[in-house]
Amino acid sequence: MNRWTQARISTGKLNTVRDLLPGTIVQNNTGVLQYPGQLSQKYRFDKATLAKHWDTTLSAAPGADLEVQYIHVNSSAPVAPARGVLAYWTATPGEVTTDDTTGLPVAGVFLGVMAANEYGFIGKVCESLAVKFLNSTTKATPVIGDTAAGISGNSGLADVLADATNQTYATDRTNRKVGRLITAVTSQIASVAIAVQD
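Those letters in the sequence shown? Residues 13 to 210, per my numbering, in order.
Please keep in mind that the hints were generated in silico from the structure rather than gathered at the bench. Just to be clear, a hint being listed does not mean it is correct.
Derived pair list, reagent style BS3-like, types lysine-lysine, alpha-carbon separation capped at 30 Å [claimed, not checked]:
hint	residue 1	residue 2
1	64	25
2	25	54
3	25	59
4	64	54
5	54	144
6	25	144
7	144	59
8	64	144
Please take these sequences and the hints and turn them into a complete structure.
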């Protein structure tokens, strides 16, 4: 079921939204926020609808249904949000950061470029979404089916753990698991079947 008609996509394309206020890039003349209720809302796009709401000049659209969530980027996010970078929940509802040094739970994956204090969308559930990895993953040669995980101190990048550790992350309850590889990691990017749970 699509909920895209309820989502306010200010640019028309999910991977280009960089709102300055919830749901919009401009404030109305009354000073009252127009779309405050959109923060934290989740929306599901089927493949056909998603293709209409994706800027393919920046990156290929995911080849499967996608669940997204509308979030606010923390003002002190240390790494600029970009396509494939991991987002982590802060203590403030609806707010994410790229700072993964304190063991925060993974919130999702950024769909495109954003900046601190902006609002936009992160990917939550998809059979194939681009995720950015460390230059050198812990497992030297990751293979399809390995678990992608957010590990403390990696600046918003995912890692693939050694096989022995990988098994514990496949069943972990700490919300650090991102999903499983469905392609090889090439130039720091791999397609991952993600299912980030809140």
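Comparing the hints with the structure gives:
1. 64 / 25: Satisfied, since the Cα-Cα distance of roughly 8 Å is no more than 30 Å.
2. 25 / 54: Given that 30 Å is the threshold and the Cα spacing comes to 16 Å, the pair holds.
3. 25 / 59: holds (14 Å)
4. 64 / 54: It holds: about 18 Å lies between the C-alpha atoms, which stays within 30 Å.
5. 54 / 144: holds (22 Å)
6. 25 / 144: The hint holds at about 21 Å.
7. 144 / 59: holds (22 Å)
8. 64 / 144: holds (24 Å)
The structure fails none of the hints (numbered hints given earlier).
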